[in-house]
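To convert a position in the sequence shown, counted from 1, into the working numbering, add 48.
Any given hint could be a false lead.
[Claimed, not checked] Straight-line Cα separation of at most 16 angstroms, EDC-like style, residue types lysine to aspartate or glutamate; simulated pairs:
1) K91 to E114
2) K127 to E137
3) K127 to E141
4) K178 to D61
5) K127 to E114
6) K127 to E160
7) K178 to E137
8) K129 to E114
9) K162 to D110
10) K177 to E160
11) K91 to D76
12) K83 to E67
13) K127 to D110
14) K144 to E95
15) K127 to E95
16) K177 to E67
17) K129 to D110
18) K177 to D149
[What the hints assert, rightly or not] Label-pair restraints from in silico Cβ distances:
19) V56 to K178: 19 to 25 angstroms
20) I136 to R168: 48 to 54 angstroms
21) K177 to R116: 36 to 42 angstroms
22) V117 to R55: 27 to 33 angstroms
23) K162 to S73: 37 to 43 angstroms
24) Q152 to V117: 31 to 37 angstroms
25) E94 to D164: 52 to 58 angstroms
26) E72 to D163: 21 to 27 angstroms
27) K91 to A165: 21 to 27 angstroms
28) S73 to E137: 45 to 51 angstroms
29) E175 to K127: 41 to 47 angstroms
30) R168 to E95: 19 to 25 angstroms
These are computed hints drawn from the structure, not numbers from a lab. Since we're looking at a predicted model, the values are computed, not measured. From the three backbone atoms N, C-alpha and C, an ideal C-beta is built for every residue, glycine too.
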Amino acid sequence: MWVGPYRVVGTADYYFTVEHLVNESTMDVHPSRLKYYADDSLKVTEELLDHIASQGTLLAVDAIVEHRVNPDMQAYEVKVKWLGLETIEASWEPLKTMSEDVPQLLLQYANEAKDDALLRAVASAIERKKRHAPTPSRD
């Protein structure tokens, strides 16, 4: 389901910072989660704001709180506390997915966790993403 529009207010190497047009909250999102739209004639009207306010919200990561190796997948997972949700609603997410969605937060967690194997896995996942990221055209 598409939710938006959001206004892009910042960019980094592997994510965009977008702003909700109603409550002005911001969140970092992976480029694959964006649906590109650019139109100088788009006017932010009350009707558009009402439409945005009536939509569901995207989940944003509040914190990464734990990690483990999933024995069936033989891959790391991280437990994610979602912004605005109760702690009991935290969920285990693949490290690969989180390295695409919130790479800086994941790297910060790995550094603080003092687990060398986790840190190597995070660095590797982020580096793989860098190597496979499309390069912008220089026309």
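**Request:** Assess, step by step, whether the Cα of K177 is no farther than 16 angstroms from the Cα of D149, and give holds or violated.
**Result:** Holds, because 11 angstroms separates the two Cα atoms, which is no more than 16 angstroms.
**Asked** Within 16 angstroms, alpha carbon to alpha carbon, are K83 and E67?
**Response** Given pair K83, E67 holds - Cα atoms ~14 angstroms apart, limit 16 angstroms.
**Request:** Check the following: the C-beta atoms of K162 and S73 are separated by a distance inside 37 to 43 angstroms.
**Result:** violated (32 angstroms)
**Request:** Take the C-beta atom of E175 and the C-beta atom of K127, compute their distance, and say whether it sits inside 41 to 47 angstroms.
**Result:** violated (23 angstroms)
**Restraint status (C-alpha distance of K162 to D110 at most 16 angstroms)** = violated (20 angstroms)
**Asked** Between K91 and D76, does the CA-CA distance stay at or below 16 angstroms?
**Response** Violated, at roughly 24 angstroms.
**Request:** May I ask you to test the hint 45 to 51 angstroms on the CB atoms belonging to S73 and E137?
**Result:** violated (19 angstroms)
**Request:** Would you mind confirming whether the straight-line C-alpha gap from K91 to E114 stays at or under 16 angstroms?
**Result:** Given pair K91, E114 is violated - Cα atoms ~43 angstroms apart, limit 16 angstroms.
**Asked** Can the suggested window of 19 to 25 angstroms be confirmed for the beta-carbon pair R168 and E95?
**Response** violated (51 angstroms)
**Prompt:** Is the Cα-Cα distance between K127 and E160 16 angstroms or less?
**Reply:** holds (15 angstroms)
**Request:** Evaluate the given range 21 to 27 angstroms for the C-beta pair formed by K91 and A165.
**Result:** violated (52 angstroms)
**Asked** Quick one, are K127 and E137 close enough, alpha carbons at most 16 angstroms?
**Response** At roughly 10 angstroms apart (the allowed maximum being 16 angstroms), E137 and K127 satisfy the hint.
Violation of the numbered hints given earlier is confined to hints 1, 7, 9, 10, 11, 14, 15, 16, 20, 21, 22, 23, 24, 26, 27, 28, 29, 30; the remaining hints are satisfied by the structure.
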